[in-house]
Amino acid sequence: MSLTDQEVEAIRSRVRNVRENVLRMIHNAASGHVGGSLSAAEILGVLYFKVLRVDPQNPDWPERDRFVMSKGHASAGYYATLAEAGFISPAELLTFDCINSRLQGHPDKNKTPGVDMSTGSLGQGLSVGCGMALGARLKNLDVRVYVLLGDGELNEGQVWEAAMSAAKYGLDNLTAIVDRNNVQLVGPTEENMPLEPLEEKWKAFGWEVLSADGHDIRDLYEKLIRAREIKGKPAVLIARTMKGKGVSFMEGTAAWHSKAPSDAELAMALRELGGETGV
Amino acid sequence: MYKIRYDMLMSTREAFGKMLAELGARDERIVVLDADLATSTRVDIFAKKFPGRFFEMGIAEQNMVGYAAGLASMGFVPVVSTFAAFASRRACDQVSISVAYPKMNVKIVGAYGGSFCGKGGATHQAYEDIAIMRAIPNMIIISPVDGIETQQALAEAIEYDGPVYFRTARPDTPTLFAGDYRFEIGRGVVLREGEDVAMISTGILTLDALEAAGILQEQGIEPYLLHVPTLKPLDREAVVRAATTAGVVVTVEDHSVIGGLGSAVAEVLSRYRPTYMAMVGMEDRFGESGADAELKEKYGLNAAGIAKKAVQMYRAKKGL
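Going down the list, the sequences are from chains A and B. Be aware that the first sequence starts at 1, since it is given in the numbering used here, and climbs by one per residue. Be aware that the second sequence starts at 1, since it is given in the numbering used here, and climbs by one per residue.
Keep in mind that the hints are not guaranteed to be accurate.
[To be verified] Using 20 Å as the maximum straight-line C-alpha spacing, the simulated DMTMM-like pairs for lysine to aspartate or glutamate come out as follows:
| # | chain 1 | residue 1 | chain 2 | residue 2 |
| --- | --- | --- | --- | --- |
| 1 | A | 231 | A | 108 |
| 2 | B | 48 | B | 7 |
| 3 | A | 233 | A | 191 |
| 4 | A | 233 | B | 27 |
| 5 | B | 119 | B | 172 |
| 6 | A | 203 | A | 265 |
| 7 | A | 168 | A | 229 |
| 8 | A | 201 | A | 172 |
| 9 | A | 139 | A | 213 |
| 10 | A | 245 | A | 216 |
| 11 | A | 109 | B | 93 |
| 12 | A | 139 | B | 172 |
| 13 | A | 50 | A | 9 |
| 14 | A | 201 | A | 156 |
| 15 | A | 168 | B | 156 |
| 16 | B | 3 | B | 288 |
| 17 | A | 50 | A | 199 |
| 18 | A | 111 | B | 156 |
| 19 | B | 298 | B | 211 |
| 20 | A | 168 | B | 195 |
| 21 | A | 233 | A | 142 |
| 22 | B | 103 | A | 60 |
| 23 | A | 139 | B | 156 |
| 24 | B | 309 | B | 172 |
| 25 | B | 308 | B | 172 |
| 26 | A | 109 | B | 161 |
| 27 | A | 231 | A | 265 |
| 28 | B | 308 | B | 288 |
| 29 | B | 317 | B | 156 |
| 30 | A | 139 | B | 56 |
| 31 | B | 103 | A | 108 |
| 32 | B | 103 | B | 156 |
| 33 | B | 119 | B | 222 |
Since the hints were derived computationally from the structure, they do not count as laboratory data.
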């Protein structure tokens, strides 16, 4: 299965909206995680605009696919994607991180429509996704569960407990996606706590391992579809991304892990995003 | 008036294991997760009866709690079973963030709550589980006294829609609530109505508190005894009534004196009815290995230790 050029272009345009909104939200709140929101923009876009069977008019539909944003700190990217998909209004995005907002610093399933699980304390989402996948199987539901993990998050031991158990239970209705942007809060992942050889680690834990260019919409889509067809074991997609993708001065640096842009930086960033696609 | 039935011995873990299997037959939503302790926690009874709804998660409590949250979100009622020490200390953040914060319908059962863990010592004793769970919003906390209360309370915990921490104990203990008894979440049970000194107890130590009441009566002291199987929400009115009736209060629990029943009672009384209090429980220290009776004696958790503190409070009240 592949996407037409038109479909790719439509998703790309919506992902650009997401990036712009991420920057506006974080600028407005003067807080939030910009680097990891921008690196995950295409991953979230391909999921919510194409792959996930979800209904924004009926966010609690029992037979929907589930998505767990295990890297909950990239909530700005998540909310902007949910708004683009129609779960919440784009106007609400500017309440992000504000007091009394439904859009908390880290996702709260009881506050934000479309959020399937509260996350934020790293390392917990894959276990929850495994439980959802197991539950779907026990109920004979044709439900697929997607879990988005940060690469720094893989430092947490619980991730590997979950990896072991998903293989034990052969959770082939589960796809984990690693946003492999190579940078965590303090610096490069390979300096902080080396993850490589990452693909071999997942393989050794009994997973089918796929990889994609995490900013290539067509590649992401094809790999996510292929993951769906794997039987008898869980699949993980290592999505190679760039931290801060799309804004030159934010790209590839830990400095923009959780920094809010100034007025001038916002203007510059928005110009870059628009310019890139000729708007 | 309830009397201790020494001829009816059963541990609360055993009663829990049997009832869980019984409830499993009635309620298909129940699934059970174990961290390689099934024969000790007694979820092995459920496992034999319902192998398709029993999941061995290995020695990985954090992951197990996450699975439970995921299963709950799909409409199941997961019962997570491990030792109290690991449910509270090891998986604390998962219980808080994956279960309590999103209000998932997960029942966390901590076996071997308190001192008695088969001589395992400090690593396996849980003196802070109630303190930890009490500080987590949205948690209901239940610590039953005997097999009958355990079985009723478990049924209520399963019916309740939300997170519950349920503490069971290892020793074979006598039965208190033979006959007519009805457990309700959040309700305390008055066992004696004397006016000289009030004892407020929870878990299996209520049995020792009741024995202590006998010692006090022999000395001409009439105790008030309130059993609180639910630590959160605490039966505030019953606690205030106990304090009002007797004027001095002794709390009794197999738990640290920091953060458990004693603290919960003090939080209520300091606000609604300031009252002189003493606490029977583990002082601020780690436990150790030893036979159950030896531990009870050394740390004052038996009838003699409880009675001693109650007499002190009574004498203080009388200015003796």
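Task: Straight-line alpha-carbon gap residue 298 of chain B to residue 211 of chain B, limit 20 Å - done: holds, 18 Å
Open item on the list: Can you confirm whether the C-alpha distance between residue 233 of chain A and residue 27 of chain B stays at or below 20 Å?
Closed with: Roughly 30 Å between the alpha carbons, so the hint for residue 233 of chain A and residue 27 of chain B is violated.
Open item on the list: Just to be careful, I want the Cα atoms of residue 317 of chain B and residue 156 of chain B compared with a cutoff of 20 Å; is the pair within it?
Closed with: violated, 39 Å
- [ ] For the pair we were handed, residue 168 of chain A and residue 195 of chain B, check the Cα-Cα distance against 20 Å.
- [x] Violated, at roughly 60 Å.
Open item on the list: Tell me if the straight-line CA distance from residue 103 of chain B to residue 60 of chain A falls inside 20 Å.
Closed with: Given that 20 Å is the threshold and the Cα spacing comes to 16 Å, the pair holds.
- [ ] Mind checking the alpha carbons of residue 109 of chain A and residue 93 of chain B for me, to see if they're no more than 20 Å apart?
- [x] The given pair, whose Cα atoms are some 17 Å apart, holds under the 20 Å limit.
- [ ] Would you mind confirming whether the straight-line C-alpha gap from residue 139 of chain A to residue 156 of chain B stays at or under 20 Å?
- [x] violated, 25 Å
Open item on the list: With the threshold set at 20 Å, check whether the alpha-carbon distance from residue 50 of chain A to residue 199 of chain A stays at or below it.
Closed with: violated, 26 Å
- [ ] Could you grab the alpha-carbon distance between residue 103 of chain B and residue 156 of chain B and see if it respects the 20 Å cut-off?
- [x] With Cα atoms ~17 Å apart, residue 103 of chain B and residue 156 of chain B stay inside 20 Å; holds.
Open item on the list: For residue 233 of chain A and residue 191 of chain A, compute the direct alpha-carbon distance and say whether it is at most 20 Å.
Closed with: Cα-Cα ~31 Å, so violated.
Open item on the list: Just to be careful, I want the Cα atoms of residue 139 of chain A and residue 172 of chain B compared with a cutoff of 20 Å; is the pair within it?
Closed with: With a Cα-Cα distance of about 38 Å, the restraint between residue 139 of chain A and residue 172 of chain B is violated, given a limit of 20 Å.
Task: Satisfaction of hint between residue 108 of chain A and residue 103 of chain B, Cα-Cα up to 20 Å - done: holds, 11 Å
When each numbered hint is compared with the structure, violations occur for hints 1, 2, 3, 4, 6, 9, 12, 15, 16, 17, 18, 20, 23, 24, 25, 27, 28, 29, 33.
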